[in-house]
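Start from chain A and add chain B according to the hints.
Chain by chain, the residues:
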Amino acid sequence: MDSTERYLVGVFDDDEEVLHAVTEVKNSGVKIEEVYTPFPIHGLDVAIGHPRTRIPIAAFLFGCLGLTCIFSLINYTMVFDWPMIIGGKDFFALPDWIPVSFEGTVLFTAFGMVGTFLVSNSLWPGKQPRTFDLRSTDDRFIMAVNMANNKKTEAEIESILRASGAIEVNVKQF
Amino acid sequence: MAGHSHFSPSNVEEHFEFTAEGRKRVIFAFLAGLVALVVGIYLLSRGDHEAAHAVAEHGAEHGEHLSGGAVAHHGDYDWTNRIWANLWLNGVFFTGISVIGMFFVSIQYLAKAGWSSVVKRVAEAFPPFLVVTGTVLILVFLFKGDVIFHWMHHGITDKGSEHYDKIIAGKSGYLNKWFFLGRMVTFFALWLVLWNWMRKKSLEEDLNGGNENFYSMVKIATGFIVVMGISSSMSAWDWVMSIDTHWFSTMFGWYMFSSWHVTGLATITLTVLLLKDKGYMQYVNFNHLHDLGKFMFAFSIFWTYVWFEQFLLIYYANFPEETIYFLERWEGHNKIYKATEIMNVVFNFFFPFLILMTRDAKRTAIFLKIACSFIIVGHYLDFYQMIMPGTLGPNGGFGLVEFGMVTVFASAFIYVVSTQLTKASLVAKNHPFLEEALHHDI
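Chains as they are written, first to last, in our numbering: chain A, 1 to 174; chain B, 1 to 442.
Bound conformation, chain A alone (with noise of 0.2 Å):
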C-alpha cells in the first residue's frame, strides 16, 4: 500500500439515533462516507444521500445480452446448422423457442447481477474486508467519514460526531 486513508470512525449504540445523527452530521457540513449497521434501518441510504443503486440497467443489459446469445444460438443450430423438421413445423418455429430464449435471458440476467454486484462492492475473492468495527456485526451502528473528503479538522469532526450523539470516536486507517 503507497498510500493510507484515514477515517474518523463513530460509534452509536441505537438505530433511531443514527438515522437521525445522520441528518445532523451532514448539516454540519461533514461527508460520510457510509454507516454499517446490524440490520437495515428504513431511510438510511435516503438519509445517507446515496445514489440509487444502478444494478437494474446491468440486469437489463445482461438480458438482452443473454437473449441475444441464445436466440442466436437456437437459430444457428436449428436453421442453418443442421436444420430440423420438429412436429411439422418451420424451421423457425418462433413459439417454441420461447421458453428456452426465456431462460436463457433469465441465467445471463442472474449470473451477471451477482458479479457485477461482487465487482461494484469489492468482494473478489481474495480481497481482504475493510472492518470498520466489529461491533457492526453485532450491537453497534458504526459512521464512517473519510478524512480525504472533508475539509475540516478531526477535532471538529470528532466534536460534531459526539454532539449528535456518538459514544465514542475512533481512528482507523487502511
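Derived by calculation from the structure, the hints in this document are not laboratory data. Treat each hint with caution, since some may be false.
Simulated crosslink set (DSS-like; lysine-lysine; CA at most 27 Å straight-line) [to be verified]:
id, chain 1, residue 1, chain 2, residue 2
1, B, Lys338, A, Lys89
2, B, Lys144, B, Lys177
3, A, Lys26, A, Lys152
4, B, Lys335, A, Lys89
5, A, Lys31, A, Lys172
Just chain B, lined up with the frame of chain A:
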C-alpha cells in the same frame, strides 16, 4: 419516504361521501349506456334479414369447420343471441372483478400482511356486486342457456335425435342443466356468505378493537382461499370453457383465474388512485402504490405465462381437436376476431410490461392509471375473445350493443361499490397492522 408520523390509528378514520353530484354522473353514464344499448339492439333487429343471408352463404364455405362452438353446427342463429352473449360476457367479467376484491383481502389476511391494511376497505367493497352479476348469470343461464352453451341444445344427448352428439353426451354427467345450476348457485352463495362474514368481523373490529377479530378474519380468509381454489377453476370450465364444448384445456382454470385476478388488482389500484385524487386516503403513499403496481406487473406476466403455455402446448402437439380453438379465433369467421386476439396480447402483456417496468413508473400516479386502464380494457377483450367466437361465431362484432352493455355494467359496478364504500370508514382504524402500514417504506 414514509413521513406520515402525525397519523396515528386513533385519528385516521375517514368516510367516503357519495355526493349527489357523483351519483348523478354515475346514473347519467348508466343511462347513456342504456340508450346506446337500446339503439344498438334496434339497429340489430333492423339489420337482421340482410345479415342472416350473408351468414348463410359464408357459413357454408367458412365457419363450418373452424368453429368448436354452438353456431356452426346449428343454423338457428337469432339476432337476439348477441344480447344474451353480451350479458354473459359482462356477467362473467364483472363477477371476476368483484370476487377478486374478496380474494385480495383474503390473501392479505392469510399472509398477515401489514402494508395492505390501508387499502383493504376498497377491495372489501367490491363483492356486493356479485348479487347483480349472479342474478344476471343465473337468469341468462335459465332462460337463454341454449344460446350460450352448445351442450344445452335440444336433443344433443338423445340417442334418437338428429342432433345427437356422442362426445357431448359423454360429458352430460357433468354438463347438465341442474348440476351446472347447482354449482353456479353454490359458488355465488359461498362467495357472498364468506364475504358477509368477513365484513361483519371487519366492522366489529372498527368498533371494539383488539386482535380477536383479526384472527377470526385469518380463519375466514383461509376458508375462502380453499373455496376460491376450487370454484375459480370450476367456474372457468363451466361458464367459459364449456361454450366450446368439444374442446378442452387443462390450463383453462388458471387462465381465466389469472385474467380475473389481474383485472381485479387493476380495479383496486384505479379505485385507490381516484379516491386519492378526490382528497381521500392521503395516508396511502407511493410505497403502497408501488406495491400495488408490482402486483399488477407480476400478475400481467403471470397471465401471459398461462396464456402462452396454453397456446404453446396446443401449437406444439398440433392435434386438430385442440388447435381448432386458436384457428377459429385467428382465421375463422372471416377473421373478425383476429384483431381482438392481437390486442389481447398487446394490451395485457406488452403495455403493462413496458409501462410498469421501472420503479419510478410504479410510483407515479399517471403511469399507474394508464397501466390500469390498459389492463381492464385488455382483459375485457380477453373475455370477449373467450366467449364471443363460440356463442356468436361469424355474427359477432363490436358495436353499440357491446359498448352500451359494458357501460351499463361498469356504471352499475361503480354505483354499488361507491355505496358500499360510504358504509364504513375508508381505513380499518383498528387493524392490528395499521401502524406498520402507515410507516410503510420500500
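### Query
Given the hinted pair Lys335(B) and Lys89(A), is their alpha-carbon gap at most 27 Å?
Cα-Cα ~23 Å, so holds.
### Task
Measure nothing beyond the straight line between the CA atoms of Lys31(A) and Lys172(A); if it is 27 Å or shorter, mark the hint as holding.
16 Å, holds
### Message
Run the distance test for Lys338(B) versus Lys89(A): straight-line Cα separation, threshold 27 Å.
### Response
Holds - the C-alpha atoms of Lys89(A) and Lys338(B) are around 21 Å apart, at most 27 Å.
### Query
Can the restraint linking Lys144(B) and Lys177(B) be considered satisfied, given a maximum Cα separation of 27 Å?
12 Å, holds
### Given pair status - Lys152(A), Lys26(A), alpha carbons within 27 Å
13 Å, holds
The structure fails none of the hints (numbered hints given earlier).
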